[in-house]
Every structure is written in structure tokens, then in C-alpha cells.
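Student: If you read the protein sequences in the order shown, they are chains X and Y. For what it's worth, numbering that gives the first Met the number 0 labels the leading residue of the first sequence as 0, then goes sequentially. For what it's worth, numbering that gives the first Met the number 0 labels the leading residue of the second sequence as 0, then goes sequentially.
Note that these hints are calculated values from the structure, not bench results. For each residue, glycine too, the CB sits at the ideal point set by N, CA and C. Be aware that one or more of the hints could be misleading.
[Claimed, not checked] Partial list, computed: chain Y residues near chain X (C-beta under 8 Å):
{"#": "1", "residue": "A23"}
{"#": "2", "residue": "G24"}
{"#": "3", "residue": "N41"}
{"#": "4", "residue": "L52"}
{"#": "5", "residue": "A57"}
{"#": "6", "residue": "L108"}
{"#": "7", "residue": "Y109"}
{"#": "8", "residue": "L125"}
[As the list claims (entries may be wrong)] The following label-pair restraints were derived from C-beta to C-beta distances:
{"#": "9", "chain 1": "Y", "residue 1": "R13", "chain 2": "X", "residue 2": "P24", "range": "16 to 24 Å"}
{"#": "10", "chain 1": "Y", "residue 1": "G24", "chain 2": "X", "residue 2": "A37", "range": "20 to 28 Å"}
{"#": "11", "chain 1": "Y", "residue 1": "V77", "chain 2": "X", "residue 2": "W62", "range": "40 to 48 Å"}
{"#": "12", "chain 1": "Y", "residue 1": "R61", "chain 2": "X", "residue 2": "A58", "range": "31 to 39 Å"}
{"#": "13", "chain 1": "Y", "residue 1": "G111", "chain 2": "X", "residue 2": "C60", "range": "53 to 61 Å"}
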Amino acid sequence: MSQQERREAAVRLLLDAGAPASVPPGLHAEAVRRGTRALRRRALARRLLWLLLCAAAVAFCVWAVTAQPWAEPPSETTPPLTRW
Amino acid sequence: MRERQAAQQARRAREFQAFVAGAAGRLLHAATLLTGEPPDANPRARALLTRSLAATYASWDRLRGEDPYERARTHLAVHYARGAWRHRGRGGLLARLSPVERLVLVLRLYEGVAEEQTAALLGLPLERVRTVSARAVAAVLHPPRGPAPAAPPALGEATSS
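Next comes chain Y alone, as it looks inside the complex:
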């Protein structure tokens, strides 16, 4: 019993280490985009990533054939959404966007998650995801002038896709 437990623990540690070595860079990039920090000064993104990786490690044994990267990404999104009111942009690429816009943009475009899955993960209707995505794309491509953060233009484009 005890031996089997030890063996399982060792296997988990090995697999998790390999997973972190392979995926941490990409996940950290996603976390940095989410927190809206610049790439070289991202303490919040690191804390967020540590928390999501810890949650992934804790649920590692219940991961029956599921992709661990997907699981880690879900944890990342969930932990970010829980603390989203604390994440004001700090000079990163998406600093002007609202938390929901950042989530949708990162999941849809950076991670390449399908619209339907994004909607399911965030608990939003599909049309809302499309609208928010179009608005975020417009805000990133045409940043509004001046210090006032993001009065997002071009809501009407959402229906064209």
C-alpha cells in the first residue's frame, strides 16, 4: 500500500516536472498577457502561474487521459477570473482592455481555443464572446489616444463575422 503510494508519487513528480519544463514558458506568456504587465516585469503573472500550476499538480492523479496543458490553462483562466478586479493594466500590450476582453482575446487568439469552448469555459453566451472578441481586436489594433482608458470603438463589427 505504502510502496504503491510512493511509486505513484514519484511518477507524478516526474511527469509534472516534464510538463512544467515544456509548458511553463507558454503559460507564463499567457499569464503576462492576462495581467496586462510588460514582459520583463511580471510579478503578478508569476504568482498567477504558480497558483494555477499548484492546482494542476493537485489534480494530476484525476487527470484521466486529459491533456494536462488544457487543464493548466483552465486553472489559469479560473484563477485569473477570481482575482480579476485586482489586475489593472501596467503597461503591457493588453493593459487598456477589461479583464473579460483580455480573457477572450488570450483564449481565442493566443491559445487558439474555439469560440464555443471559450464561451463554455467563461460561462458566457456565444454571441457575447463574439462581440467582446471583436471589440477587443478593435481596441488592440486602434488604441484610443490620450490617457483615458479604452472607450472601445466599433461595437457594430461584431455582427459581421
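Bound-form chain X, shown alone:
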């Protein structure tokens, strides 16, 4: 056993001694309450993000159908055909 290991064993003994007397009684209930709240908040945030994504998709579709950006715009450079 090296010097370092002996010292570490001594510190380990010091750390193990003197445990807190008791766990507070409401600990489990409080942890569950907070954990549930965090889960609910997370679910809500996820739902909001999905909603936003769907709204964006719908808005894009509506815009695409009305504006039809793939259709070739009517030419404006050719002179109008007059006096045939």
C-alpha cells in the first residue's frame, strides 16, 4: 500500500463518518411534485413546438398554392404584337 493510498483510505474513513441523522420526511413527495411539473412543462413545450411547425407548414402550402412560384411569369420583354 503506497503512501497515497493510505492517505486516501484515511480520508475515506473521515468522509464515511458523521452521516446526517435522517432524511427529511417530505423528500419523496416534493421530488415527485417537482419532477411531475418538469415533465408537464416539457410536454407542453414539445406540443407548442409541434403546433408551430404544423402552422408553418400550412402557411407555406397556402402561400405556394396562391402565389404558384413555379409557374413561368408572363413575358414582359417582347413588344406587343400590333398591326398584323
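Mind docking chain Y on chain X? Use the hints.
Tutor: Chain Y alone, transformed into the frame defined by chain X:
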């Protein structure tokens, strides 16, 4: 769908209760060591433990075969590290040590986590963990005299391990 959700919730509640009943005492001891409070007056350690247990509960369903105690310990270390500047020692065993020294000492010696895992968890290089550990051990075994907190001695011993 709703029934399955309710069943899952009930199972989670049952498992979590059993886990807390078994592990809370040890985790509270670790938290008390981290906050540097005396064992019988540890409000900060209790708050820290409540927060880490809540985080453990929230991630319970994503715990695929992993040890829940390890998860809770990780949450404890992370929550402690986030609020470390608020934890000045208050008469506990490790009150004189800096937050990093306390973290390394508690993880390595009290919890028995390997040096490599400690380094990975804290995001420190392995040599740094060894150095800090040796310095903390020296500071605990030979507390400096006087009210001035911890001018840690014996940096040179770090290389001997």
C-alpha cells in the same frame, strides 16, 4: 392509450419510491459533504438533493437499464456544479475546500467513482483530477491553522500516484 399511460405512471411512482427509500440517506450524506454543512444542519444539501431527485424522476422513463443511483449522482454533481459559487462552507468536514476539490473528493473517495469517470463527468483532464484529489486529501488530513481558508499545501505529491 390512456390506460397504458396510467399504468406506466403507477409503475414509475412505485419504482421511484423504492429507489428513494433505499438511496436517499446515502445521497443526502454526499450532498451534505458537497455543500460543506454540518450533518445536523443542512438545508442547502436538502434543497440540492430534492432538485436532483426531481430531475431523476423526470428522466425515469428514459432510464433504459441504466443504474438510477448513478443517474441521481450525476444530477447531484451537475446541480451542485451549477450553483457552486453559492456554497461556502459552513462548518462541515469539507468546508475549507473549494467546490471542485469537494466534488472530486466526494465522487472519487466517498462514492468510489473511478478517476477516468470522474474526469469525464466533470469535463476535466485526468491529470487535473489527480492533482486536485491529492491536494484535497492533503487539505483534509492536515487542515491549515488559523481562520484563513485553505492555502492548500503539497501540490508536488500529485505526481507520486
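Student: Indicate, hint by hint, whether the structure satisfies it.
Tutor: Right, here's what the structure says about each hint:
1. A23: OK, holds: A23(Y) within 8 Å of chain X, min 4 Å.
2. G24: 6 Å, holds
3. N41: 6 Å, holds
4. L52: Cβ of L52(Y) sits 4 Å from chain X, so the hint holds.
5. A57: Cβ of A57(Y) sits 4 Å from chain X, so the hint holds.
6. L108: 5 Å, holds
7. Y109: With a minimum Cβ separation of about 5 Å from chain X (threshold 8 Å), the hint on Y109(Y) holds.
8. L125: 15 Å, violated
9. R13(Y) / P24(X): 16 to 24 Å: Between R13(Y) and P24(X), where Cβ atoms are some 19 Å apart, the hint holds.
10. G24(Y) / A37(X): 20 to 28 Å: 24 Å, holds
11. V77(Y) / W62(X): 40 to 48 Å: 44 Å, holds
12. R61(Y) / A58(X): 31 to 39 Å: About 33 Å separates the Cβ atoms of R61(Y) and A58(X), which means 31 to 39 Å holds.
13. G111(Y) / C60(X): 53 to 61 Å: 58 Å, holds
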